[in-house]
Amino acid sequence: MPIPPPTGPLVTRDTVAAGLRLLGVGTGEILLAHSSLSSLGWVNGGAVAVVQGILDALGPSGTLVVPAHSTQVSDPASWSRPPVPEQWWDRIRATMPPYDPRTTPTYGIGAVPETVRTWPGALRSAHPQSSFAAVGRRAREVTDGHAPDCRLGERSPLARLEKLGARVLLLGAGYDSCTAFHLAEYRTPAPRVEIGRPAPGGGWETVVEVSIDSGRFDELGHDFERDRPVVRGTVGAADVRLFPVADAVAYAERWLPLHRPREEEFPHPAA
Numbered sequence: 001m002p003i004p005p006p007t008g009p010l011v012t013r014d015t016v017a018a019g020l021r022l023l024g025v026g027t028g029e030i031l032l033a034h035s036s037l038s039s040l041g042w043v044n045g046g047a048v049a050v051v052q053g054i055l056d057a058l059g060p061s062g063t064l065v066v067p068a069h070s071t072q073v074s075d076p077a078s079w080s081r082p083p084v085p086e087q088w089w090d091r092i093r094a095t096m097p098p099y100d101p102r103t104t105p106t107y108g109i110g111a112v113p114e115t116v117r118t119w120p121g122a123l124r125s126a127h128p129q130s131s132f133a134a135v136g137r138r139a140r141e142v143t144d145g146h147a148p149d150c151r152l153g154e155r156s157p158l159a160r161l162e163k164l165g166a167r168v169l170l171l172g173a174g175y176d177s178c179t180a181f182h183l184a185e186y187r188t189p190a191p192r193v194e195i196g197r198p199a200p201g202g203g204w205e206t207v208v209e210v211s212i213d214s215g216r217f218d219e220l221g222h223d224f225e226r227d228r229p230v231v232r233g234t235v236g237a238a239d240v241r242l243f244p245v246a247d248a249v250a251y252a253e254r255w256l257p258l259h260r261p262r263e264e265e266f267p268h269p270a271a
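Here UniProt numbering is used: the first residue of the sequence shown is 1, the next is one more, and so on.
These are calculated hints, taken from the structure and not from any lab test.
Glycine included, C-beta positions come from ideal geometry on N, C-alpha and C.
Any given hint could be a false lead.
Stated by the list, open to error - Pairwise CB distance ranges (calculated):
1. D218 - P4: 27 to 33 Å
2. Q87 - P4: 42 to 48 Å
3. G203 - G165: 28 to 34 Å
Work the whole structure out from these sequences, hints included.
The following block contains the structure:
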């Protein structure tokens, strides 16, 4: 059976850079990018060309930040896609490599974040499951100090990005990917959960974290876009949205209490 020809449009490094500049991405700014490579069309150079194009638009004084999450570094009892047999759990816990920002791959978040993680000069934050990777002038400022018991809260890169005036870039990705909304979860009543993972020095550890849930972020994003200024356009075949991290967080802080249960309805995990 003959292989069908690729579907377009043809997208190049220059396409990405020019499209972002047209939408107002400026030299020297900081972007928190969420992306879908397949949404762009046929990309000559794949994820590498996309990263090059974003960096071209930002210039040498800009900074590109991506989620570099590694949710596979977690308790196998919580795995569901796919689950593993319960009789394997103890052995998996005993042999799971601990998080290493240099070598632990990203998981389930696409080709562009994994490409940024391995980019020359990239820095990565310290949280074992919810790290961020950054390339550019302010990469260290963004990634330093990510507390190991604060996935996406005040001691994470999200709070740094908010203070630094960064913008969110949704490049073919939906609002369900918008990690900035999670910072608002840390500022509103939310349940706590126990998170298991390999301990840095060996063995297994459990920490108590805010429960994060992006299940209604599409609805939240729809309302945010209705009520707040959002730059919209396209790059290749991908829909693009640009907006300040601070705006998204502030809006979500008001929206979430109206659509999420109160903290007291959720018992805290046993000590």
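Here is what the structure says about each hint:
1. D218 - P4: 27 to 33 Å: 31 Å, holds
2. Q87 - P4: 42 to 48 Å: 44 Å, holds
3. G203 - G165: 28 to 34 Å: Since the Cβ atoms of G203 and G165 sit about 41 Å apart, the hinted range of 28 to 34 Å is violated.
The earlier numbered hint that this structure contradicts is number 3, and it is the only one.
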